[in-house]
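The residues making up each chain are set out below.
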Amino acid sequence: MRGKKGKRVDPRPVLVSLRWLTHARSGDKGNTANVGLIALEPDLYPLLARAVTAARVARHFRGMVSRVERFELPNLHALNFLLHDALDGGGTISLKTDAQGKVYSTALLRMEIPVPPAVARRFRPRPRARA
Amino acid sequence: MSKVVRVAAGQGFWGDWLEAPFRQVKGGPIDYLMMDYLAEVTMSILQKQRSRDPAAGYARDFVPAMERILPDIAAKGIRVTSNAGGMNPRGCADAVLAAARRLGLGGKIRVGLVTGDDILDRLDELLARGQELRDMDTGRPLSDIRDRVRSANAYLGMAPVVEALRGGADIVITGRVTDTGLTLGPLVHELGWRPDAWDRIAAGTVAGHIIECGAQSSGGNLLKDWRKVRGLERVGFPIVEASADGTFVVTKHPGTGGVVSVASVTEQLVYEMGDPKSYITPDGIADFTSIRLTQVGKDRVRVSGITGAPRTPMLKVSIAYFYGYKAVGALVYAWPDAHAKAKEADRVLRARLADLGLEFEQMVTEFVGADATHGRLAGPPDPAAPEVQLRVGVRARDKASVERFTRELAPLVLTGPPSVTGFAGGRPQVEEIVAYWPALVDRLEIEPGVRVEILTA
Numbered sequence: 001m002r003g004k005k006g007k008r009v010d011p012r013p014v015l016v017s018l019r020w021l022t023h024a025r026s027g028d029k030g031n032t033a034n035v036g037l038i039a040l041e042p043d044l045y046p047l048l049a050r051a052v053t054a055a056r057v058a059r060h061f062r063g064m065v066s067r068v069e070r071f072e073l074p075n076l077h078a079l080n081f082l083l084h085d086a087l088d089g090g091g092t093i094s095l096k097t098d099a100q101g102k103v104y105s106t107a108l109l110r111m112e113i114p115v116p117p118a119v120a121r122r123f124r125p126r127p128r129a130r131a
Numbered sequence: 132m133s134k135v136v137r138v139a140a141g142q143g144f145w146g147d148w149l150e151a152p153f154r155q156v157k158g159g160p161i162d163y164l165m166m167d168y169l170a171e172v173t174m175s176i177l178q179k180q181r182s183r184d185p186a187a188g189y190a191r192d193f194v195p196a197m198e199r200i201l202p203d204i205a206a207k208g209i210r211v212t213s214n215a216g217g218m219n220p221r222g223c224a225d226a227v228l229a230a231a232r233r234l235g236l237g238g239k240i241r242v243g244l245v246t247g248d249d250i251l252d253r254l255d256e257l258l259a260r261g262q263e264l265r266d267m268d269t270g271r272p273l274s275d276i277r278d279r280v281r282s283a284n285a286y287l288g289m290a291p292v293v294e295a296l297r298g299g300a301d302i303v304i305t306g307r308v309t310d311t312g313l314t315l316g317p318l319v320h321e322l323g324w325r326p327d328a329w330d331r332i333a334a335g336t337v338a339g340h341i342i343e344c345g346a347q348s349s350g351g352n353l354l355k356d357w358r359k360v361r362g363l364e365r366v367g368f369p370i371v372e373a374s375a376d377g378t379f380v381v382t383k384h385p386g387t388g389g390v391v392s393v394a395s396v397t398e399q400l401v402y403e404m405g406d407p408k409s410y411i412t413p414d415g416i417a418d419f420t421s422i423r424l425t426q427v428g429k430d431r432v433r434v435s436g437i438t439g440a441p442r443t444p445m446l447k448v449s450i451a452y453f454y455g456y457k458a459v460g461a462l463v464y465a466w467p468d469a470h471a472k473a474k475e476a477d478r479v480l481r482a483r484l485a486d487l488g489l490e491f492e493q494m495v496t497e498f499v500g501a502d503a504t505h506g507r508l509a510g511p512p513d514p515a516a517p518e519v520q521l522r523v524g525v526r527a528r529d530k531a532s533v534e535r536f537t538r539e540l541a542p543l544v545l546t547g548p549p550s551v552t553g554f555a556g557g558r559p560q561v562e563e564i565v566a567y568w569p570a571l572v573d574r575l576e577i578e579p580g581v582r583v584e585i586l587t588a
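Which chain is which? The protein sequence lines are L and F, in order.
The first sequence begins at 1 in this note's numbering and counts up one residue at a time.
The second sequence begins at 132 in this note's numbering and counts up one residue at a time.
Isolated chain F, as found in the complex (with noise of 0.2 Å):
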């Protein structure tokens, strides 16, 4: 028979299931663990934690996950590939290695650690040398807002990973590299695929899209058949099964809750998608409308067919850059007339801004319980509701104003509408807002400075 690689998925994101890791290595054979941490967003909060603490800046949730399993990823040769290393993958790695010598692994743990994405000192060299760094979806250029920037990290594909595992590293541990290519780079390495074999890349690259939001292709978030979806409560994160030809199964360790099924998989497929012909990453350009999936066997689904196309020569960045503030609070209105009371609350609460003066970019009101997430759509507000929840955010660019807004919510209690509670809570947080601005650089300014080191507990 020939080689079948096992990739399991233990993290779709940072705040993901911690049992999930543990129960992926306990729960069956598996070759590697994929923890995937990093999101636009939470980019931008790490960025944050590192700025107020120069030791912090990774997942720090990944450090006991890693304690929990490391006897057992030790004793069974399982390996494991995270970007939990964020904004900052040398904390992250130390604080790994600390957590092996405490367990009596010292000398038997090789952390590959995976730096040189982040490039907010060369900014501006990058600039001077001509890569504009333009907001992708904007056009605008960097020099809008070069002053507020907090940091900058281009994405890295699968190749430092590929480095590290040759380098004998036992868990590699990186910043910004890419979700897909923390599964991409096993693949390459387990099954010797050329890193210019575009339909491998691709199908590689796919495997890690669907395994990289975790149970989100295993019966979580399911909307088909929701309700025949059984045992949640021990959802069984996905695991991928390829072989050296790009084919490869979808599966889970038996036992486990959830389902794996085409219409799990294609709704993990189509989520986040732009233009299915063109998933671009640093490896490749998956074609998605080449993928072809077929159920093989309970919780097994076969997927083949799947075609590529070289990489680009740029790299994507995620540029975090400060925009202001924003604060968000709530109030629950009950029946009778629930909608209504909600509505006046909202009407006097703006009334009351305006007399002050305060100005703001954004202001958005919500009845939860109405239309907060459909809008119009939702129709018209039911009379009858057993309560309405007022939701109002505002955005400014200055500080003072969205801090007043956040002391005129709780005098409605006792000056607006009736039948009002629920703001056991206190005064909404106010919250600085820390934007997101994509952007593209030439990978040659970019790989040169890509470092593997192997560290040893």
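Bound conformation, chain L alone (with noise of 0.2 Å):
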């Protein structure tokens, strides 16, 4: 990836939806809600993890979480992620309609994400659509 002299550079990046390329189940613990992203093949892992930091997800949920953790699975092909104080105090105090965070599986999905073109192609419905 990093282009460096006598190593190849991968051609440009297209960025692919989530929705594509996983897929995954939340639920609760009290205020926090977890996302298990699940790769839908092995081989896309890696490039899941890389991708997909706690940052990033910070970034995507901002204004609707306090703090993101991760932790990997590559047994699973999978992450995890805790989303702190994303579900309005949860149980029974939470006014949400998804007060146990059974959604945000979902939400996560939404996330784009750089793959190599090939990855795209494969595993996007549209190959030509423009990402």
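Keep in mind the hints are simulated off the structure, nothing from the lab.
These figures come from a predicted structure and were not determined experimentally.
Note that CB positions come from ideal geometry on N, CA and C, so glycine has one too.
Just to be clear, a hint being listed does not mean it is correct.
[As the list claims (entries may be wrong)] DMTMM-like mimics (lysine to aspartate or glutamate), calculated; alpha carbons at most 20 Å apart, straight line:
id : chain 1 : residue 1 : chain 2 : residue 2
1  : F       : Lys355    : L       : Glu69
2  : F       : Lys355    : L       : Asp43
3  : F       : Lys530    : F       : Glu492
4  : F       : Lys355    : L       : Glu41
5  : L       : Lys102    : F       : Asp406
6  : L       : Lys102    : F       : Asp502
7  : L       : Lys102    : F       : Glu171
8  : F       : Lys408    : L       : Glu69
9  : F       : Lys408    : L       : Glu72
10 : L       : Lys102    : F       : Glu403
11 : F       : Lys359    : L       : Glu112
12 : F       : Lys207    : F       : Asp162
13 : F       : Lys207    : F       : Glu372
14 : F       : Lys530    : F       : Glu562
[Stated by the list, open to error] Negatives, chain L to chain F, calculated, CB over 10 Å:
id : residue
15 : Ala51
16 : Val52
17 : Thr53
18 : Ala55
[Said to hold, decoys possible] Ranges between beta-carbon positions, derived for each pair:
id : chain 1 : residue 1 : chain 2 : residue 2 : range
19 : L       : Glu112    : F       : Ala205    : 56 to 64 Å
20 : F       : Arg431    : L       : Arg56     : 34 to 42 Å
21 : L       : Thr53     : F       : Ile411    : 25 to 33 Å
Hints in hand, dock the two standalone chains.
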């Protein structure tokens, strides 16, 4: 990726929504929502682990959560994110429709990450569509 | 062939599909039926019910569910583990025994009753003995809410379940035993695992986690290729086939709908996950980064490689306390400009509440159909949306202001923006909030008080 002398430079990456690269499930622990993000194919996992950092997810959810932690599960080709203070108090206190964070998972799938064009062609439903 | 124990999930939460336990018993061979009813929120609800009626406070659905399957489980020797007892396990056990007698199974059904998780009457004693019971999330001391505590239950593990099974119980009824303990207990009992065989304990814990939410690991709520999941109208609930070496297969009965795949099991594994290296239960610690999943057949996923670590000296405690009041109400606005009308209605409502001098700890407005689940990530509202629901909730410590709020929604129908409907449900209900306070307690303070009784119908 770095284009150092003697190494092949990847073609320009393309932005692809996580919707086409992953599946996910979320739940709650008190006022914290978790999102487990799972690569659709095992070989996508290293790319996800590089691109979907805790900082990147915190930016995605800015104003909606206070702090993001990330854990890696390479065995399941998955990342687990804890979104703190995401649920208006959570449990019985929360006034939100999604008081238990059940669909924070799909909100994360709106994120776009840069991937090599070959990956975009393989996973995006309309290969020629603009990202 | 070495011994395999089959534990089938019959309920994933209180309110789950009533057909599931019946079909698990009828649809093929199983050894155990695991019925999980308790979530953090559920304990608060059961506490409320017990406060109104001392005979209530357990998952009442469990009794008719058992009545329907009792003849089969008696004939086939299937044993049941359940935390349906909630806040009143003795009341639940009595009701099940009465059902057995009604069916003419008197003398044939033994119920193992587990008590000792309820520590409400011991809170001051525990505080005096140096158990701080601070909120695990915020660090606040229990004294902040001590006078508002409604219930306090320690999470028990598999040990009393195993004891009840050894004592010959056909149906084990508990209060706040962990979801995973209901599956781990039968495996420890049948496969002879030592309680300090940490990798085995971790494996049984993971097995329990995979099936504790019912069909959520067998095709229900499955996002990956959801259109390809067939037969959810007759979804098969998951079954674990466990071996003594700690490996197991997740499957479901033949001819049922849904799917058991690496994807379906993985989605359940990451559900409600914290630090995957340290899934802590009263029985031990499971490392979810050690789990290996392999599709070994149609609707068969093999789970192996699981490692664990010793249990901690502490037990988690679930404390419910009175928090305040809330109410949520909604109105539906129709095209054209549905979102803009709903937004204006919210402005009018807020201004009127302010004019009344009402103060709330929290007031949340959501536009269902526009931003309710994804917030600003949903992007700008669609001006062509056929309808948008205005959903407003308030929360306060005092009841009067919440009560007044519930009377301000209906007037918007005739005094606010146009094209509004959907108020047939009437005024929103004022709800009492019983909130959850997670804490830790030394297990040595709790375990001597745990009792297992074998009762016969």
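Evaluated hints:
no.: 1; hint: Lys355/F with Glu69/L; result: 24 Å, violated
no.: 2; hint: Lys355/F with Asp43/L; result: 17 Å, holds
no.: 3; hint: Lys530/F with Glu492/F; result: 12 Å, holds
no.: 4; hint: Lys355/F with Glu41/L; result: 11 Å, holds
no.: 5; hint: Lys102/L with Asp406/F; result: 18 Å, holds
no.: 6; hint: Lys102/L with Asp502/F; result: 15 Å, holds
no.: 7; hint: Lys102/L with Glu171/F; result: 15 Å, holds
no.: 8; hint: Lys408/F with Glu69/L; result: 14 Å, holds
no.: 9; hint: Lys408/F with Glu72/L; result: 9 Å, holds
no.: 10; hint: Lys102/L with Glu403/F; result: 9 Å, holds
no.: 11; hint: Lys359/F with Glu112/L; result: 25 Å, violated
no.: 12; hint: Lys207/F with Asp162/F; result: 9 Å, holds
no.: 13; hint: Lys207/F with Glu372/F; result: 17 Å, holds
no.: 14; hint: Lys530/F with Glu562/F; result: 9 Å, holds
no.: 15; hint: Ala51; result: 18 Å, holds
no.: 16; hint: Val52; result: 14 Å, holds
no.: 17; hint: Thr53; result: 17 Å, holds
no.: 18; hint: Ala55; result: 17 Å, holds
no.: 19; hint: Glu112/L with Ala205/F: 56 to 64 Å; result: 58 Å, holds
no.: 20; hint: Arg431/F with Arg56/L: 34 to 42 Å; result: 37 Å, holds
no.: 21; hint: Thr53/L with Ile411/F: 25 to 33 Å; result: 26 Å, holds
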